[in-house]
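Residues per chain, in single letters:
Protein chains: 4
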Amino acid sequence: MIHEFEPTHFQTTIGSHEPVLRVASGDVIRTWTVDSGGYDRHGNDITEGGNPQTGPFYVEGAERGDTLRVRFERIRPNRTRGVTGGLVAPNVVDPGFVPELGPRNSEDWWELDLERGTARLHDPPPGLQSLGELPLDPMLGCFGVAPPQGQAISCATSGEHGGNMDYRGFREGVVVDFPVFAEGGLLHVGDGHALQGDGEIVGTGIEVSMDVELTVEVLKGKAICWPRAEDESFVMAVGNARPLDQAVQHATTELLKLLRDDHGLDYRAGSALLGQCIRYDVGNVFDPAYTMVAKVEKALLERL
Amino acid sequence: MIHEFEPTHFQTTIGSHEPVLRVASGDVIRTWTVDSGGYDRHGNDITEGGNPQTGPFYVEGAERGDTLRVRFERIRPNRTRGVTGGLVAPNVVDPGFVPELGPRNSEDWWELDLERGTARLHDPPPGLQSLGELPLDPMLGCFGVAPPQGQAISCATSGEHGGNMDYRGFREGVVVDFPVFAEGGLLHVGDGHALQGDGEIVGTGIEVSMDVELTVEVLKGKAICWPRAEDESFVMAVGNARPLDQAVQHATTELLKLLRDDHGLDYRAGSALLGQCIRYDVGNVFDPAYTMVAKVEKALLERL
Amino acid sequence: MIHEFEPTHFQTTIGSHEPVLRVASGDVIRTWTVDSGGYDRHGNDITEGGNPQTGPFYVEGAERGDTLRVRFERIRPNRTRGVTGGLVAPNVVDPGFVPELGPRNSEDWWELDLERGTARLHDPPPGLQSLGELPLDPMLGCFGVAPPQGQAISCATSGEHGGNMDYRGFREGVVVDFPVFAEGGLLHVGDGHALQGDGEIVGTGIEVSMDVELTVEVLKGKAICWPRAEDESFVMAVGNARPLDQAVQHATTELLKLLRDDHGLDYRAGSALLGQCIRYDVGNVFDPAYTMVAKVEKALLERL
Amino acid sequence: MIHEFEPTHFQTTIGSHEPVLRVASGDVIRTWTVDSGGYDRHGNDITEGGNPQTGPFYVEGAERGDTLRVRFERIRPNRTRGVTGGLVAPNVVDPGFVPELGPRNSEDWWELDLERGTARLHDPPPGLQSLGELPLDPMLGCFGVAPPQGQAISCATSGEHGGNMDYRGFREGVVVDFPVFAEGGLLHVGDGHALQGDGEIVGTGIEVSMDVELTVEVLKGKAICWPRAEDESFVMAVGNARPLDQAVQHATTELLKLLRDDHGLDYRAGSALLGQCIRYDVGNVFDPAYTMVAKVEKALLERL
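Here the protein sequences line up with chains A, B, C and D, keeping their order. Numbering follows the numbering used here, with no gaps: position 210 of the first sequence is 522. Numbering follows the numbering used here, with no gaps: position 6 of the second sequence is 318. Numbering follows the numbering used here, with no gaps: position 144 of the third sequence is 456. Numbering follows the numbering used here, with no gaps: position 128 of the fourth sequence is 440.
Keep in mind that the hints were calculated from the coordinates and are not lab data. Treat the hints loosely; a few may be bogus.
Stated by the list, open to error - Across the chosen pairs, the derived CB separations fall in these ranges:
no., chain 1, residue 1, chain 2, residue 2, range
1, C, 438, A, 537, 34 to 40 Å
2, B, 483, C, 574, 18 to 24 Å
3, B, 438, A, 531, 23 to 29 Å
4, C, 361, B, 578, 52 to 58 Å
Every residue gets a Cβ at the ideal spot worked out from N, C-alpha and C, and that includes glycine.
All chains should be modelled from the sequences, with the hints used to inform the complete structure.
Encoded structure:
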């Protein structure tokens, strides 16, 4: 079944909030998200900022110990202006270098050409006048399911439940699996970026409102610890924590478990494979919790 | 001038050791390296293990405050067997998961087909019997220049002087710049890997002896703080430290400085560019110091 | 006014839950807490474990931007048995050492002599048979106020709002100040320890139910960022984060601000004082977020 | 035998340098150290700065796998002026707070009254005019033995060999044990502080030249991994690393091993004891490597 959902209010925490819609496993949801500041497709400020989320969506049958699978069929900017932070964040440069960055009062506006799929700085700072167009690569920065114990966790950070991971790989076509902690899973989605570098180091991607279409599926009795994902080429496991070293630990452990669960590899075989074939991608290094993605090529797994 | 250099002894620290050869800026050095355990092309154990280095090479004219540029023209395995660690390292998984990894007494041997450029597990652990061939991607794991203050630093770790960075991107064709701390720069090279996943998470790549050809160049009066590099597509800056968060800080700061030095971008413009375009690659997450590479596409810089 | 409060239900998150009692600034609350596992003074398991909290208490007049001051008049174990974890936690030893710790299935019971103020292992593991009595030093491990944005945060961790800090210095007589994020402040208290080493490295102190008496006070218009505290000898600032380096940063920054706010020292003078006189105490190093306390002697401040 | 040693040159790395004196196990060495900047008792700048070390002292019979025990009989400032950094270091405050600290061009001079054992700011910054005298607590910030593999490691940092640990507890009367990595152990001493807060957070203690008397002893066949120490009240183990979390891991692991080696406690019993009785002290949080000390009361161990 396909649900067209028009949001009327938004959440700035991910938690066990009253669901806005109940859907069945296999259903499709078509909806939209405001940008991280609460602005919609018309540039109207319709809700308080802080990565406001559309949802939560209750998926029938999802219970603690299951996995909620989300396939993003469509993630498309629905307006032609986006904004980015103007300076690299203090926490991603050497502490003694911070004062050299200068005053933190700038931001940049970008013009999006949705036909051509490009972005262009509206008023480039000196030195970037000839930068021209960058190809869009739309993604969702913050989405996830209700965390355990009835917690409600700020959309500024991330955890086992997902949240503000700001990973470029969470683009159209990706499938993301979440551990279910609360009845119905309670999926939230928001924080669209038309484009973003690794790490979200200026504290933003090109922040924009989005049209989103996704399919949900409940994997009964499949228990995972951290988000997992799959795109055309890779299977992935996500770790969210600080320091990044701990995010590496979470992601690597979860990828070893994924290889065991889905491909029958014990940890000795998983080690032999990952040792020479693992790839790490950096998600957010701006938030309270940082994000690391560990992944391995599907083409390799298909040989086994 | 082209130097053919036959090493007779090796260093397991990078330091202000007696040079084995003096060369001029612009010269080419053709030499070879033993593997991380001290084994040569014939599989003979000719020196103590610990990433033994060929060198140091003294480059005439290099002085503190200059940059030593090294272009790797050739990095080629020169034997057909390589070895890898058998288990993911304890520090890259969750602390409570370590005992589940099992006993740490395994290793894997790989057959290299140097014609076809492939590697194959000699005796695959159960589950990987049908893995088949992996394409080689030869690189050097450990190389660098004498560190400041007459220090001699173990080839197990890394720092501003380079060292055991284990970055897959340091393959044939890459150009790496080092800050010069000691007269002559004193370049050391070693620790060849026929193939390696990100992070060197089993504590090794496919360890192998290598034939190496490189060109050195002194950039007089050009001062840098951390290694920088360039390949066909990217300019890069390298940070070596723990936690990985600090390696991110070093690499990001150095990349902002690179954009200022080489492309005239102030930190405000550098931020606007990197915010949406930076890429991070993970080097070593096994050593005492971890390695992070920050990079940006040359095609973008050419527009400016 | 003095309130005698009998709790009937408990919270395992700290959040904007329905208050159990409304009190005025200056009021005294006499109540009790279950232990971390949900067991009361009679050893009855009356609620789900996970540092269940008594409260929240709504303090009239407390608003975002104020400070809520809590003075602990009394923190007394109210039963004679307590439990501790049997092994040092995997995250506080070297990763490669974890398997040497052995199986994680042990715990220890302690007999408390409330008259004499001592604890004794009920069945000491071999080697500790003659350990004898340890003096009690009762404290609360987890307490705090509702966090910002309507969040509800697990009592397993900590943040700007307090939470599971497990600091030995939070004993009878201490005064702790919290930033107010929600109307009424919403104070929660729980997780009593009859005794605890630094770091809570076995994952517990001697877990016990407690009788607690405290006084609340609203400091209108006083804005702080992190918990501050004061005991007989020291003023303190608390940082909660991982890695511990970041907790050091939070605590040191807050202590510099405390010296500015309360003692008129600019950061240059604060630096000159703290440089030679600061003390750091380690709170929890077991939780998702670690705790560091920065402090300075009141006797020094009284000279200024 | 008592050696009176007059240094004529100094080392700014700790390494396998040519010994300045050979002594026997049990011998006493009376010598002096310059301050961290290379200034002697007369305030003369006699050597390059960077924590210059007196030594190394070769102790007959010390070999890899032994322990070198050093008892500090005397650590006394030998001049009446000392200097301290003027601002808290950027790495110990929140990244975004760094610019608020102001310009980093200040330092403070202190007058030492060696009779009374006190220090007084020469020209107190505004707000500290009435601070008056602080009691001296002289200590050595940087000392250690030659590290493994012939390394020479900067006196700005620390490791298994000791080095720049800046721990207040390394004062007169302390006994410090080092793992021996090189023949003769090769003890270096320097970097005296007349007084220092925890963490050395302004990058200095009160830097001063010192008269030092110490006794060396070789513990044949006793192998340790990290420095251990003992004072009147505590036995201790030291971890040096970043992040501080890793220093916690090193120190805690080493203290568990110390309890096993010297007191016959297996890790289960060691855990039961340390869980409720361990204390952590913070050494340096300014250097490339941070220092954490884990300790337990000797009075408790004497009961066993």
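Q: Evaluate the given range 34 to 40 Å for the C-beta pair formed by residue 438(C) and residue 537(A).
A: Holds - the Cβ-Cβ distance for residue 438(C) and residue 537(A), about 36 Å, lies within 34 to 40 Å.
Q. Do the Cβ positions of residue 361(C) and residue 578(B) conform to the proposed distance bound of 52 to 58 Å?
A. Since residue 361(C) and residue 578(B) have Cβ atoms about 55 Å apart, the given range 52 to 58 Å holds.
Q | Status of the given 23 to 29 Å range, CB of residue 531(A) versus CB of residue 438(B) | A | holds (27 Å)
Q: Confirm or reject the claim that residue 483(B) and residue 574(C) have a C-beta distance inside 18 to 24 Å.
A: At 58 Å between Cβs, range violated.
Violation of the numbered hints given earlier is confined to hint 2; every other hint is satisfied by the structure.
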